[in-house]
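Student: Given the sequences, and given the hints that come with them, work out the whole structure.
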Amino acid sequence: MKRQNARTLALIISILTYLVVGAAVFETLESKQEKNHKRKVDARKFELMRKYNLTKENFEELEHVVLQLKPHKAGVQWKFAGSFYFAITVITTIGYGHAAPSTDSGKIFCMFYALLGIPLTLVMFQSLGERINTFVRYLLHQAKRCLGMRRTAVSMRNMVTVGFFSCMSTLCVGAAAFSHCEGWSFLHAFYYCFITLTTIGFGDYVALQRDNALQNDPRYVLFCFVYILMGLTTLCSCLWYRNKEKLPDSMPAMLPQELSFSQAYVQQNSNRHHYTEPLSTGCICSPRQCSSISSITTGLHILSPLRMFKRRSSV
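260 is the number that the working numbering gives to position 260 of the sequence shown; each next residue is one higher, with no gaps.
Calculated from the structure, these hints are not laboratory results. Note that beta-carbon positions come from the ideal geometry of N, C-alpha and C, so glycine has one too. Where hints are given, some of them may not hold.
Here are the simulated distance ranges between beta carbons [stated by the list, open to error]:
{"hint": "1", "residue 1": "Phe225", "residue 2": "Ile15", "range": "31 to 37 Å"}
{"hint": "2", "residue 1": "Val76", "residue 2": "Arg151", "range": "54 to 60 Å"}
{"hint": "3", "residue 1": "Gly106", "residue 2": "His37", "range": "29 to 35 Å"}
{"hint": "4", "residue 1": "Lys2", "residue 2": "Lys35", "range": "46 to 52 Å"}
{"hint": "5", "residue 1": "Thr28", "residue 2": "Leu115", "range": "49 to 55 Å"}
{"hint": "6", "residue 1": "Phe46", "residue 2": "Ala24", "range": "29 to 35 Å"}
{"hint": "7", "residue 1": "Met230", "residue 2": "Val160", "range": "18 to 24 Å"}
{"hint": "8", "residue 1": "Phe112", "residue 2": "Val66", "range": "32 to 38 Å"}
When the alpha-carbon atoms are kept at most 30 Å apart in a straight line, the in silico DSBU-like pairs for lysine-lysine are as follows [stated by the list, open to error]:
{"hint": "9", "residue 1": "Lys73", "residue 2": "Lys38"}
{"hint": "10", "residue 1": "Lys70", "residue 2": "Lys51"}
{"hint": "11", "residue 1": "Lys32", "residue 2": "Lys70"}
{"hint": "12", "residue 1": "Lys38", "residue 2": "Lys56"}
{"hint": "13", "residue 1": "Lys35", "residue 2": "Lys51"}
{"hint": "14", "residue 1": "Lys51", "residue 2": "Lys73"}
{"hint": "15", "residue 1": "Lys51", "residue 2": "Lys40"}
{"hint": "16", "residue 1": "Lys40", "residue 2": "Lys70"}
{"hint": "17", "residue 1": "Lys70", "residue 2": "Lys45"}
{"hint": "18", "residue 1": "Lys73", "residue 2": "Lys56"}
{"hint": "19", "residue 1": "Lys107", "residue 2": "Lys70"}
{"hint": "20", "residue 1": "Lys35", "residue 2": "Lys56"}
{"hint": "21", "residue 1": "Lys56", "residue 2": "Lys45"}
{"hint": "22", "residue 1": "Lys73", "residue 2": "Lys45"}
{"hint": "23", "residue 1": "Lys79", "residue 2": "Lys40"}
{"hint": "24", "residue 1": "Lys73", "residue 2": "Lys35"}
{"hint": "25", "residue 1": "Lys107", "residue 2": "Lys79"}
{"hint": "26", "residue 1": "Lys56", "residue 2": "Lys40"}
{"hint": "27", "residue 1": "Lys70", "residue 2": "Lys56"}
{"hint": "28", "residue 1": "Lys38", "residue 2": "Lys70"}
{"hint": "29", "residue 1": "Lys107", "residue 2": "Lys73"}
{"hint": "30", "residue 1": "Lys32", "residue 2": "Lys51"}
{"hint": "31", "residue 1": "Lys45", "residue 2": "Lys35"}
{"hint": "32", "residue 1": "Lys32", "residue 2": "Lys45"}
Tutor: Written as structure tokens, this is what we have:
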């Protein structure tokens, strides 16, 4: 069996095992609570039916009306602020489920809006993450120089440490703020921030859904919008750095803004023997290996698995 096939099979088995273990743990933790809760709710249901002399059909009709009223309990959702909140949850794939289009035209537009918005958002967060990491590396490098340290190079350990504390600070600040504004416990608020910034978005906890906050508290609305977008940017910067560190050594750790990829590659490999094939379409090859980097947009770089380096037409 080829190495790649064995690796893929091992990953599949690992994920399946992880799912089985997770299912077993969740069943152990939640199953008993679910049964107890259902028993209490059923008892309350029959108590209300007896108290108000309701038939089963009457109670089901009342239940249906109550469920339809639930989305409106938090106030108007489809004014501009609420619509902007919904748009954020769409393009970031958080998808709380607290609001959803009810008209056919709204559902159709939502699908096309997501098809275009999700890729653009991913590109934006990746580009922002790269810029933030470049700035952080520069700050760490300058700090080491000012402290007179012998080795001023910024290691992966330095970046991972900064990224970890940045993520934890973002979660803790958000948890403290939402705990105060929403009346949640710190644990529940931290849970909400984690579920939101990882874009899981269960919807069991959703901010801006009490006391008509969307309409009555513009400062809190602005804080929520900024927190979600900045928190996702912080998380993406950590993920982008880890991804870039796995690239081969032929890709510079930090490329100057004024240089193209091929120019940076040539500068990095100036001390190595290489040649240009006269009839090639701009391929710089070394006798031992080739590598490929293509630029999609400024700040978005994708490494090709074929490892063929294509320089820009300007070279």
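Student: Next step is simple, just say for each hint if it's right about the structure.
Tutor: The hints, checked one at a time:
1. Between Phe225 and Ile15, the C-beta spacing of about 34 Å keeps the proposed range 31 to 37 Å intact.
2. A C-beta distance of roughly 58 Å is found between Val76 and Arg151, which places it inside the suggested range of 54 to 60 Å.
3. Range check, Gly106 to His37: about 34 Å between beta-carbon atoms, so the 29 to 35 Å window is met.
4. Distance hint check: the CB atoms of Lys2 and Lys35 are about 48 Å apart, consistent with the given range 46 to 52 Å.
5. Judged by the Cβ atoms, the range 49 to 55 Å given for Thr28 and Leu115 is violated: they are separated by roughly 40 Å.
6. Separated by about 34 Å at the C-beta atoms, Phe46 and Ala24 satisfy the suggested range of 29 to 35 Å.
7. A C-beta distance of roughly 20 Å is found between Met230 and Val160, which places it inside the suggested range of 18 to 24 Å.
8. For Phe112 paired with Val66, a C-beta distance near 33 Å keeps the hint of 32 to 38 Å intact.
9. In summary, the hint linking Lys73 to Lys38 is supported, as the alpha carbons are separated by about 23 Å, within the 30 Å threshold.
10. Distance hint between Lys70 and Lys51 is fulfilled; the C-alpha atoms sit about 23 Å from each other, no more than 30 Å.
11. A threshold of 30 Å between alpha carbons decides the hint, and for Lys32 with Lys70 the separation of about 27 Å falls inside it, so the pair holds.
12. Our distance criterion of 30 Å between C-alpha atoms is met by Lys38 and Lys56, whose separation comes to about 17 Å.
13. Distance check on the hinted pair: Lys35 and Lys51 sit about 24 Å apart at the alpha-carbon level, within 30 Å; holds.
14. Pair hint Lys51 plus Lys73 holds up; C-alpha atoms about 25 Å apart against a cutoff of 30 Å.
15. Proposed proximity of Lys51 and Lys40 is supported: the alpha carbons are some 16 Å apart, at most 30 Å.
16. As the CA atoms of Lys40 and Lys70 are separated by approximately 21 Å, the hinted pair is consistent with the 30 Å bound.
17. For a cut-off of 30 Å, the pair hint linking Lys70 to Lys45 stands: about 18 Å separates their Cα positions.
18. This hinted pair checks out: Lys73 and Lys56 have alpha carbons roughly 25 Å apart, not beyond 30 Å.
19. Distance check on the hinted pair: Lys107 and Lys70 sit about 20 Å apart at the alpha-carbon level, within 30 Å; holds.
20. For a cut-off of 30 Å, the pair hint linking Lys35 to Lys56 stands: about 22 Å separates their Cα positions.
21. Distance restraint check for Lys56 and Lys45: the Cα-Cα separation of roughly 10 Å lies within the 30 Å cut-off, and the hinted pair is therefore satisfied.
22. Only pairs whose Cα atoms come within 30 Å are accepted, and Lys73 paired with Lys45 is accepted, the gap being roughly 21 Å.
23. Of the pairs offered as hints, the one joining Lys79 and Lys40 is violated, with about 38 Å between alpha carbons and a cut-off of 30 Å exceeded.
24. Pair hint Lys73 plus Lys35 holds up; C-alpha atoms about 27 Å apart against a cutoff of 30 Å.
25. Between Lys107 and Lys79 the CA atoms are separated by roughly 17 Å; this keeps the pair inside 30 Å, and the hint holds.
26. With a C-alpha separation of about 18 Å, the suggested pairing of Lys56 with Lys40 holds against the 30 Å cut-off.
27. Restraint check for Lys70 and Lys56: satisfied, since their Cα atoms lie roughly 21 Å apart, inside the 30 Å limit.
28. At roughly 20 Å between alpha-carbon atoms, Lys38 and Lys70 fall within 30 Å of each other, so this suggested pair holds.
29. Between Lys107 and Lys73 the CA atoms are separated by roughly 22 Å; this keeps the pair inside 30 Å, and the hint holds.
30. For the hint pairing Lys32 with Lys51, the CA-to-CA distance comes to about 29 Å; that is within 30 Å, so the pair holds.
31. For the suggested pair Lys45 and Lys35, the alpha carbons sit about 15 Å apart, so the restraint of at most 30 Å is met.
32. At roughly 20 Å between alpha-carbon atoms, Lys32 and Lys45 fall within 30 Å of each other, so this suggested pair holds.
When held up to the earlier numbered hints, the structure conflicts with 5, 23 and fits the remainder.
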